[in-house]
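> The listed protein sequences derive, respectively, from chains A and B.
Numbered continuously in our numbering, the first sequence closes out at residue 455.
Numbered continuously in our numbering, the second sequence closes out at residue 1088.
One or more of the hints may lead you astray.
What the hints assert, rightly or not - Below, simulated DSS-like cross-link-like pairs (lysine-lysine); rule was C-alpha separation at most 27 angstroms, straight line: (1) A:Lys30 / B:Lys1031; (2) A:Lys366 / A:Lys30; (3) A:Lys30 / B:Lys1002; (4) B:Lys1002 / A:Lys366.
The hints are simulated quantities; they were obtained by calculation from the structure and are not laboratory data.
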Amino acid sequence: MIDLIMNDILGTPAILVGLFALIGLLVQRKNSGDVVSGTLKTILGFVILGAGAGVLVQSLDKFSGMFNEAFSVGGVIPNNEAIVALAQESFGTETAMIMLFGMIVNILLARFTPFKYIFLTGHHTMFMACMIAVILKTGGLSGVSMVIIGSIILGSLMVLFPAMLQPYTRKVTGSDDFAIGHFGSIGYFVSAAVGKMVGKGSKSTEEIKVPKSLGFLRDTSVSVSLTMVILFFIVAGFAGSSYIESELSGGQNFLVFAFMQGLTFAAGVYIILAGVRMLLGEIVPAFKGIADKVVPNAKPALDCPAVFPFASNAVIIGFLSSFVAGLICMAFLPLLGLKVIVPGLVPHFFTGAAAGVFGNATGGRKGAIIGSMANGVMISFLPALLLPVLGSLGFEGTTFGDTDFGVVGIVLGNLIRLIQSNILVVLVILGILALLFWIGWKSKANDNKNNTEAA
Amino acid sequence: MKKILVVCGNGLGSSMIVEMNVNAALKDMGKEAEVSHTDLTTAKTEQADLYLGSEDIVESLEDGKKKVVKLKNLMDKNELREALENNL
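Extracted from the complex, chain A is given alone in its bound form (with noise of 0.2 angstroms):
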């Protein structure tokens, strides 16, 4: 009975976030119509994010393929969609149980020390939380003992990055009303930092007039269609007809074979994120009316695109230079001897149009292009940087994404790899986190003295 409920029950992911949606269901006295759908859904959810990623892992082993064929190096598309829906078969019940307990820690946190966010972007938590479990359970942590660690480690990092972008963000919106939750805030950062030393007095990229005609490539499902059957088109031609046909498209042409294999990558991550949709549909929303109930003045920390509408020329040219400076470095990882990171039109254009908005900010128009490139090469080394530390999952042919993912899993990664005793590695990621906390405690203190002082 105890191996059923433990094993099968709470050890099967889908089953254990339907549980999460449930309890928050009641907690929140839905009617009983509304419980019943809500929990189906979020399993539902769990159910379609695997079958997603069935569909894009064939696509993605046969661009493995023929890079390897055209180019004699790996070639790797990071997608966090992708890599948080191939981790799920090994690490789900980890991930699911980080996350909970992560969202946990964030409330706690909020509730009772000055950082008032409240991390709202339910994906990022879901992908940071894979991350930690990759990571931890790779490094040889398990058990009860990873699970509280890595929630401490999920729930703070989800009111330090809201709290280290502040100062920025107030700049952006010109309000203290939100914060952004988004884990690609290290690169917001520096691209608002690059933006503050080079821009000075810069015109604002509001002044300029910027074509609207690129708006088609928010739309996620046509702008990775477009990139994947381009770079598909690419990397066949220089793998050969030859070797595509006999090898892995069983005699259809391989231009055409091409063409098909890119939508297929992009129709996997179409079910994705419908899957992941469907997920945190009911758990972000409970997660949200509990905070608000128990943490007064709470401050929500809202997804990137939150400040696109304070800047929207920037958008356009932050995610033009990221993309720039990302098929840039493209040229330069083999030469160091690292996987080449294909550039994505999604990451660069969401976390690179969030970067011009902070440039914008500090430094204008020069701020907004190089703050942004800062950006890009950042999402270009980091994910390379990050692959060894995956252990398995880092043979899949993707990665994470954003910058935060790359320098979290990078210090947390090597961590564990140098210090042998787990106990030890425990200590020192808390003595961490301590330290940041105190960080940004004492720059928050200076920050209020100065707004009385100014006022």
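Use these hints to put chain B onto chain A, whose structure you have.
Just chain B now, with coordinates in the frame of chain A:
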């Protein structure tokens, strides 16, 4: 019951937050509606009485038949409330 669909690029982050804001505003106004969120591609074929989203995104939904409201600032609760009051 009327159906409101909130749309953003990925259909994950911003649209979900706006959906929660819409629900709160409706409660405030004493009105009821079915609210959900999705990405742009799906929105093109999904039926709803009202489509909400930021200007640059929902522009491409306008086909003369759909009732689309373009929000200047997605996170502005006053603008959202005004949009709901004028269109429900």
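> All hints are to be evaluated individually against the structure, with a verdict given for each.
To see whether the hints hold, each was checked on the structure:
1. For the hint linking lysine 30 of chain A to lysine 1031 of chain B, the alpha-carbon distance of about 18 angstroms falls within 27 angstroms, and the restraint holds.
2. A distance of roughly 51 angstroms separates the Cα atoms of lysine 366 of chain A and lysine 30 of chain A; the hinted pair therefore is violated under the 27 angstroms criterion.
3. For the suggested pair lysine 30 of chain A and lysine 1002 of chain B, the alpha carbons sit about 20 angstroms apart, so the restraint of at most 27 angstroms is met.
4. Distance hint between lysine 1002 of chain B and lysine 366 of chain A is unfulfilled; the C-alpha atoms sit about 47 angstroms from each other, more than 27 angstroms.
Of the numbered hints stated above, those contradicted by the structure are hints 2, 4, listed in ascending order.
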